[in-house]
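2 protein chains.
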Amino acid sequence: MDEFARIEKFLAPLAGEAGLGLKDDAAVLSPPAGRQLVLTVDQMLEGVHFFTDDNPALIARKLLRRNLSDLAAMGAVPLGYLLTTALPAALPEAWLAAFAQGLETDQRVFGIVLLGGDSSSARADISLTATLIGHVAPGQALPRHGARAGDHIWVTGTIGDAALGLEARRGKLRDRTGFLTNRSLLPEPRLNLPLAGIVSAAIDISDGLVQDLAHICRGSGLAAEIQANAIPKSAAVAELDDDYLELRLTGGDDYELLLAVPPEKADALQGACADVPVTRIGVFQPGEGVNIVSGSGAKLALSSSGWKHF
Amino acid sequence: MDEFARIEKFLAPLAGEAGLGLKDDAAVLSPPAGRQLVLTVDQMLEGVHFFTDDNPALIARKLLRRNLSDLAAMGAVPLGYLLTTALPAALPEAWLAAFAQGLETDQRVFGIVLLGGDSSSARADISLTATLIGHVAPGQALPRHGARAGDHIWVTGTIGDAALGLEARRGKLRDRTGFLTNRSLLPEPRLNLPLAGIVSAAIDISDGLVQDLAHICRGSGLAAEIQANAIPKSAAVAELDDDYLELRLTGGDDYELLLAVPPEKADALQGACADVPVTRIGVFQPGEGVNIVSGSGAKLALSSSGWKHF
Chain A
4 MDEFARIEKF LAPLAGEAGL GLKDDAAVLS PPAGRQLVLT VDQMLEGVHF FTDDNPALIA
64 RKLLRRNLSD LAAMGAVPLG YLLTTALPAA LPEAWLAAFA QGLETDQRVF GIVLLGGDSS
124 SARADISLTA TLIGHVAPGQ ALPRHGARAG DHIWVTGTIG DAALGLEARR GKLRDRTGFL
184 TNRSLLPEPR LNLPLAGIVS AAIDISDGLV QDLAHICRGS GLAAEIQANA IPKSAAVAEL
244 DDDYLELRLT GGDDYELLLA VPPEKADALQ GACADVPVTR IGVFQPGEGV NIVSGSGAKL
304 ALSSSGWKHF
Chain B
4 MDEFARIEKF LAPLAGEAGL GLKDDAAVLS PPAGRQLVLT VDQMLEGVHF FTDDNPALIA
64 RKLLRRNLSD LAAMGAVPLG YLLTTALPAA LPEAWLAAFA QGLETDQRVF GIVLLGGDSS
124 SARADISLTA TLIGHVAPGQ ALPRHGARAG DHIWVTGTIG DAALGLEARR GKLRDRTGFL
184 TNRSLLPEPR LNLPLAGIVS AAIDISDGLV QDLAHICRGS GLAAEIQANA IPKSAAVAEL
244 DDDYLELRLT GGDDYELLLA VPPEKADALQ GACADVPVTR IGVFQPGEGV NIVSGSGAKL
304 ALSSSGWKHF
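Going line by line, the protein sequences match chains A and B.
Residue numbering for the first sequence follows the numbering used here, beginning at 4 and increasing consecutively.
Residue numbering for the second sequence follows the numbering used here, beginning at 4 and increasing consecutively.
Honestly, the hints are just simulated from the structure, not real lab data.
One should not assume that every hint holds.
[What the hints assert, rightly or not] Just a few of them, taken from the derived set where beta-carbon distance is under 7 Å, the chain B residues facing chain A:
#, residue
1, Arg126
2, Arg147
3, Gly149
Only a predicted model underlies this, so the values are computations on that prediction, with no experimental measurement involved.
By construction, the Cβ of each residue, glycine as well, lies at the ideal position given by its N, Cα and C atoms.
Generate coordinates for the entire structure from the input sequences, incorporating the hints supplied.
In structure tokens form, the structure reads like this:
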């Protein structure tokens, strides 16, 4: 089955109107009237972002969800995507069938369509890239660099599950219910939270809590202090026989939102996040760097400030 | 030098206003008022689309130009791009410096800006993807599937140079002036031709004349007949000691436009392409498939209907 037959069979059925049946050189999109467009791109590489024998449907869904999380961090509404694949010639047709099935599932979940793309043969590793297009009311995109001294630091959901899920998949700890593994394979982008006018900065936690917080600090010219005990922990983590604090601080792939919120906006934040738990974990201060304070008030040192891909 | 330092040093200087200094999760773009957006993506992989020791600046420029050619085939005006890179950790900093220099050169040539992107480490091969965004007046995007029986087949420029340039780079023929090699490394996207209302179908020749013509035929439900002798040949090809007809028919990477034009629009076409040579090479007919007629009137058979990446 050659490149064109593969596209025709598995990907063309996923195309929206603007995708022109994936038969054209490009997609033609009428932007929603009076909106700004938000554009983001993320890749997933075999051996870097996923294991060779991972479920192709879950790879597809995570590829979309990583990008959808970037749109969530901008406060944008997703619209559609372009897909780029580089696949080894020997890859079984069933792999692509399952991959396309995963795309279809999450297209329905998130109300997005395939707009176009590019496919190529690869010499070795599978390489996948999605470009997501969303939209936002003019001037309402959430900033990354707007944190001010005194703003509180909040996170959605629970932190560290994905990194611990990866450890479980490597056999390093026991994931009794499968919750952690699922958090690693199928993140939940925090879309549809009406955060404009409430948060002064937002980022999604893809590289790890400390590293992504450091991005906001650098962009805003501030330091951050977080309370280790305040970092929200899932029930699955709470029942483990170790605290795994360092991994929860530095592990990536959670795709929760990290938010800077003026103290007087705390109620508004909790109102906006009615269906998503939000937790205050610290405060922005003048200075630079990320400080972590333990329960006893001692400062913690980290051996690594970020997450390295496996 | 880590991923963030690389981005800051080499890519952030290329970012336009909508790119938010490449520090945000996504780009925010105000679409040009009253225009449709045209979106396309193309990748270039080490060992598939370029050789490992190719000049990084030329790889960068070809990456942009392949995508710009897709916009040209849609009649779109380019605006900006997202860039995705996967680079081996051992890649010298000088490679990325030269690559960024190539991007900067063609950003100036084509009036485009970097809007955002993603970078990752790669296990082995370099992988590069660009998503280009352009715009077009509503309803004026050039169709791929609108050819009608009786439309003539036209091409811009000369055909086969890039494939012969690749042969020259492999030592299989002598490229006396370097013209063919240059055509292979640095294609010229045929932007800014006012073809709306003149052509009934357009495609850029990336996979090879016969294969891309076959795309139009399938999309339009037609056959095509082309005259082998009519296919325009550069002076550099004319002085070779072989005709290389099959390679010129099937070789890719020329990035010339292949157009379906009603006979009565021939003058309008030539007026629209005042600075770009255009040549009539055949006609669309009822039926299916691509027929090639030699000077003696005999039908030619091809051993391959398309171009395979090296």
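>> Given a cut of 7 Å on the nearest C-beta pair, is the interface hint for B/Gly149 held or broken against chain A?
In response: Because about 11 Å separates B/Gly149 from the closest Cβ in chain A, which is outside the 7 Å limit, the hint is violated.
>> So, as I understand it, the hint says B/Arg126 touches chain A; can you test that by seeing if any CB pair is closer than 7 Å?
In response: 5 Å, holds
>> Holds or violated: the hint that B/Arg147 contacts chain A, with Cβ atoms closer than 7 Å.
In response: Constraint on B/Arg147 satisfied, holds at 5 Å.
When the structure is compared with the earlier hints, a violation turns up for hint 3 alone.
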